[in-house]
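**Student:** Residue numbers (this note's numbering), protein chains in the order written: chain X, 1 to 225; chain Z, 226 to 383.
Among the clues, some could well be false.
Unchecked claim - Where chain Z lies over chain X, by a calculated footprint (3+ residues, C-beta under 8 angstroms):
(1) 80-90
(2) 103-112
To be verified - A short list of chain X residues far from chain Z (calculated; beta carbon distances all over 12 angstroms):
(3) 21
(4) 35
(5) 39
(6) 74
(7) 118
(8) 139
(9) 150
(10) 153
(11) 204
Because the hints were derived from the structure by calculation, they are not lab data.
The beta-carbon is built from N, C-alpha and C at its ideal position, and this holds for glycine as well.
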Amino acid sequence: MSEHSLEKTASFWQKYQFYLLLVAAVFVRQLPFVAIPFNWLESYFHEISHGIAALLTGGSIVRIQLFTNGAGLCTTQGGLAFFISFFGYAGATFWGWAIYRIASAHQRAAQIFSAIMLLLLASSLIFWARDLLTIIILLLLAIMFLFTIKIRQLSTLQLLMKFFGLSILLNSLFSPTYLLDGRHLGDGAALASTTFIPEFIWVIIWFVLALAALYLLAKSKGKVS
Amino acid sequence: MQINNSSFNYSVVPHSKAAKVDAKNSGQSLAGVNDRVNKAEQALEAEKQVNQQHVNQQKAQKQNAQQHQVKEENRQSFELDEATIAYYESNASPSQLAQHESATGILTSDDSAKSFAKGLPKDNISSQNQSAVSSYQSIGNLAQRESVQQLLGVDLFA
Numbered sequence: 001m002s003e004h005s006l007e008k009t010a011s012f013w014q015k016y017q018f019y020l021l022l023v024a025a026v027f028v029r030q031l032p033f034v035a036i037p038f039n040w041l042e043s044y045f046h047e048i049s050h051g052i053a054a055l056l057t058g059g060s061i062v063r064i065q066l067f068t069n070g071a072g073l074c075t076t077q078g079g080l081a082f083f084i085s086f087f088g089y090a091g092a093t094f095w096g097w098a099i100y101r102i103a104s105a106h107q108r109a110a111q112i113f114s115a116i117m118l119l120l121l122a123s124s125l126i127f128w129a130r131d132l133l134t135i136i137i138l139l140l141l142a143i144m145f146l147f148t149i150k151i152r153q154l155s156t157l158q159l160l161m162k163f164f165g166l167s168i169l170l171n172s173l174f175s176p177t178y179l180l181d182g183r184h185l186g187d188g189a190a191l192a193s194t195t196f197i198p199e200f201i202w203v204i205i206w207f208v209l210a211l212a213a214l215y216l217l218a219k220s221k222g223k224v225s
Numbered sequence: 226m227q228i229n230n231s232s233f234n235y236s237v238v239p240h241s242k243a244a245k246v247d248a249k250n251s252g253q254s255l256a257g258v259n260d261r262v263n264k265a266e267q268a269l270e271a272e273k274q275v276n277q278q279h280v281n282q283q284k285a286q287k288q289n290a291q292q293h294q295v296k297e298e299n300r301q302s303f304e305l306d307e308a309t310i311a312y313y314e315s316n317a318s319p320s321q322l323a324q325h326e327s328a329t330g331i332l333t334s335d336d337s338a339k340s341f342a343k344g345l346p347k348d349n350i351s352s353q354n355q356s357a358v359s360s361y362q363s364i365g366n367l368a369q370r371e372s373v374q375q376l377l378g379v380d381l382f383a
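Given the sequences, and given the hints that come with them, work out the whole structure.
**Tutor:** What follows is the structure, encoded as C-alpha cells:
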C-alpha cells in the first residue's frame with residue numbers, strides 16, 4: 001500500500017471515526033450476550049447519577065442495586081427529590097458525553113479517566129452494594145475497566161473508551177422511551193407527580209438531551225487529538 | 226330439725242292400742258267398739274297425713290335453703306371478678322397489679338387469657354384461623370414498614 005493511500009485511510013478513519021463507532025455501538029446493542037455488560041454499564045451510570053445528585057443536594061446514598069436485565073435501583077435519604085429523579089437519565093447522558101470527550105482529548109487522559117472509573121466502581125462496591133447480584137455485576141464492570149488500564153497501546157484504550165461513551169449515550173437515548181408503557185412508574189412518573197408536568201414531556205426532554213450530546217460529539221469529531 | 230319415718234310410726238301405734246284396751250274395759254258392744262276403732266284409725270290417718278305434709282314442707286324449705294346458698298356463693302365470686310376489673314381499670318401500675326394478683330390469687334383478664342392460650346394444644350388451632358392471623362399480621366407489618374420509611378425518609382429511584 002502506498003504512503004498516499006495510508007494517509008487517505010487515516011484521514012477517512014479520523015473523519016468518520018465517530019459514525020463508525022456509533023454504528024458499531026448500535027450493532028453491539030443488538031447482540032444477545034455481548035450487549036449485557038454495556039446495559040449494566042449504562043444502568044450503573046444511571047443509578048450513580050441519582051446518588052451523586054442526592055449527595056450534591058445534601059442527601060446520602062443508602063444502597064445501589066443492579067439487576068441482570070439492565071434494571072437498577074438507587075435508595076437515597078434526603079436531598080432534593082426533583083434533582084435526584086431528573087439526573088438519572090440526564091446524568092447517564094452526561095457520563096457518556098464526558099467519557100467520549102475525555103478519551104478524545106488525550107490518550108493519557110483516557111487512561112487516567114479509566115483509573116477514576118475503577119475507583120468509582122470500587123467505592124460503589126464497598127459503600128453501596130448490599131446484595132450479591134449487585135456485587136457480582138460491579139465486580140465484572142470493575143474487571144472490564146481494569147483490563148482497559150492494562151492495555152499498553154494507548155490508542156486502543158482511547159478507542160475503547162470512546163466506544164464505552166457512545167454505548168452509554170445510546171442507552172440513555174433509548175432507555176427513557178421504555179417509561180412510556182402506561183404504568184406510570186419510574187423517574188418520569190416521579191417527576192410528573194412532583195411537577196404536574198406529564199411523564200412524556202420528561203421523556204422527550206431526556207431524549208432531546210441525549211440527541212444534543214450526540215450532536216455535540218459529532219460536531220467536535222474533527223477536533224480530536 | 227330432722228324427722229325420720231321410724232320415730233313417727235312409733236308415736237302413732239301405742240295411741241291406737243290404748244284405744245282398743247279402753248273399749249274392752251268399758252264392756253260396750255263389739256260393733257260400737259269397732260266404730261270407735263275405725264274413727265280412731267281415721268283420726269290417726271289424718272294426723273299422719275298432716276305430719277307427712279309438714280315433713281314435705283320442711284324438705285322443700287331445706288332444698289330452697291341449699292339453692293339459695295349456692296346462688297349466694299356464685300354471686301360472691303362474680304363480685305370478686307368485678308373488683309379485679311375495677312382495680313385494673315383504675316390505672317394501677319404493673320407492679321401494683323402483680324401485688325394485687327398475688328394477694329387475691331385472681332389473675333387479670335390478659336393473664337388469664339395468656340394462661341388459657343398456653344393451655345391450648347397447637348393442633349386445636351385451625352389452619353383458617355392461622356392464615357387469618359398471619360394475614361392480619363402481614364397488613365400490620367406493611368403499615369409498620371411504611372411508617373418506618375416515612376420516619377427514615379428513604380426514597381427509591383429506578
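**Student:** When the structure is checked against the list of hints, which entries are broken? Sort them ascending.
**Tutor:** Violated: hints 2, 6.
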